[in-house]
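Protein chains in written order, with the numbering used here: chain A, 1 to 233; chain B, 1001 to 1044; chain C, 2001 to 2225.
Hints in this document: simulated from the structure, not taken from any laboratory. Hints may be right or wrong, so weigh each one.
Beyond 10 Å from chain A on every Cβ pair, some chain C residues (computed) [what the hints assert, rightly or not]:
{"no.": "1", "residue": "2015"}
{"no.": "2", "residue": "2029"}
{"no.": "3", "residue": "2037"}
{"no.": "4", "residue": "2077"}
{"no.": "5", "residue": "2093"}
{"no.": "6", "residue": "2160"}
{"no.": "7", "residue": "2193"}
Listed next, the in silico BS3-like pairs over lysine-lysine satisfying Cα-Cα at most 27 Å (straight line) [claimed, not checked]:
{"no.": "8", "chain 1": "A", "residue 1": "106", "chain 2": "A", "residue 2": "168"}
{"no.": "9", "chain 1": "B", "residue 1": "1037", "chain 2": "A", "residue 2": "78"}
{"no.": "10", "chain 1": "C", "residue 1": "2221", "chain 2": "A", "residue 2": "74"}
{"no.": "11", "chain 1": "A", "residue 1": "220", "chain 2": "B", "residue 2": "1032"}
{"no.": "12", "chain 1": "C", "residue 1": "2221", "chain 2": "C", "residue 2": "2012"}
{"no.": "13", "chain 1": "A", "residue 1": "78", "chain 2": "C", "residue 2": "2221"}
C-beta: ideal position from N, C-alpha, C; glycine also.
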Amino acid sequence: MRFIEKYLSTITLVMTAIAIILVTASIYLIFMVAPLEKVMGFPQKIFYYHVPIAITCYLSLFICFVASCMFLWKGNLKWDGVAASGAEIGVILATLMLISGMLWGKPVWGTYWTWDPRLTTSFILWLIFLSYFILRSQPNNEVLRAKYSAVIGIIGFVDVPLVHWSVKLWSRGIHPVIDIDRDSTGIHPEMLTALKVSFAAILVIFILIFSIRVRYSFLKSELQNGIEHSQVE
Amino acid sequence: MNYAIAAYVIIWAVFFGYIVLINHKISKLEQKIFQSKSNGHQCE
Amino acid sequence: MGFWSSVFTIVKKDLVLELQGKEIVTTNCFFALLVLVVFNFAFDMSALEIKKSAAGLLWIAFFFAGSLTMNQSFLHEKENDCLSALMLAPLDRSSIYVGKMIVNLILMMLAELMIITIFIFLFNVNVMERFFWQLASLLFGTTGFIIVGTLIAAISVNLRAKEILGPLLMFPVVVPVVIAAVSFSDGLINGESMEGLYAWLKILIAFDIIYLVVSLLVFEKLVEE
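With the rest of the complex left out, here is chain A (with noise of 0.2 Å):
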């Protein structure tokens, strides 16, 4: 710990300069290699980052809701900040996935918003994240506000498989299911190498954002630590 602390600045350029290289990569790749998609053209590129962000919130969802686990057993502080970060960047990147989705559905469905399964869930699990900050914007007793959110944090991650069966059982949905694995001949092998190199960029950048942002609940933390102390003093 000590060690990350020390070198953090110099970790913290690397990151940056490895997902402005990617970054520029995906750029590259996106719009000058990969193929123009046949049936829905060129909005399809929305694709190559909506994916990625979908996969990459759900990831931060799920370390928020370990976080909020381990924060109700060990009782730690520093596990609600972590929680809290995985929130807050989870609630960003579904904002971001579910923008680029619509500017995707306008042009090829003709419609922003339709009430299909998949838009559903992240439009619920959405919800759920933004009423946990709600929730934390209630200012009481910090060891209260984190043992709140946290519950929050845990039922809201448990909804979601709960969430996707019912709604998928309420409505049969047009959102195009795409199956890398069973189904290789389908996807272009450059639209492929696009989406990893896409992946690669979207996972870095999340790294390094809620890197800083737990440094920065770190921060908050400490500072009011400090203040108790001097008042105690």
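Starting from the known structure of chain A, fit chains B and C onto it as the hints suggest.
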């Protein structure tokens, strides 16, 4: 065509804006921590 | 004291309190009446339409009445700091949760039966035609709602904006219950065969079990000092 461009612009703007925002907040906090630490030393 | 006897004690205490004040039952009853009157003006209530949208209307009324019930459930304890006293009592912490849940379930089922009776009289649609299945949908749907609601009521009672934050935190989480319960009731009212409807019942039961386990695990950590 414009939809895809718009989506990418929004995505990058949000990522960039968020990183800048958090970094700004961190530098503010660090300043505060530095101040409170130096105040503590003065009291001693 | 054993687990179930302490649960029973808490249920008895709250029901006696409710019988003396009758606050929740009267508010629920009046509220249900008001909601149905508003529905009458808000929607075109020709006979065919009602049968198609009856389940949705009923469950909206239930959920609104339920969020009222939920807000009340820990409010009594908050006054005079009774919750701390309950925590000091030699009880299993989770028995407090289960007790509160059962009380809420009883009060909400009462409200639902009232709403359904008024609905049948006012709109002349027999929604209870397949009585036992409809009862099962009410029971499992309400249980899911209550399980999450009671847990969230224990949180929101300590917040400043408690009246609004309870429903706000609860509704996104109970979306699967809303979907499954409304679809199940709707299928029953409109005479669909049970084969297609079992899936909804499965979702309701799965939701109840999963959230009961999670809530029992979490509640103890939530209330400990």
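Going through the hints against the structure:
1. 2015: holds (27 Å)
2. 2029: Holds: least Cβ distance 29 Å, greater than 10 Å.
3. 2037: holds (29 Å)
4. 2077: holds (16 Å)
5. 2093: Answer for residue 2093 of chain C: holds, closest chain A Cβ roughly 13 Å.
6. 2160: violated (6 Å)
7. 2193: holds (16 Å)
8. A/106 to A/168: Holds, because 22 Å separates the two Cα atoms, which is no more than 27 Å.
9. B/1037 to A/78: holds (21 Å)
10. C/2221 to A/74: holds (10 Å)
11. A/220 to B/1032: holds (10 Å)
12. C/2221 to C/2012: holds (25 Å)
13. A/78 to C/2221: holds (17 Å)
When each numbered hint is compared with the structure, a violation occurs for hint 6 only.
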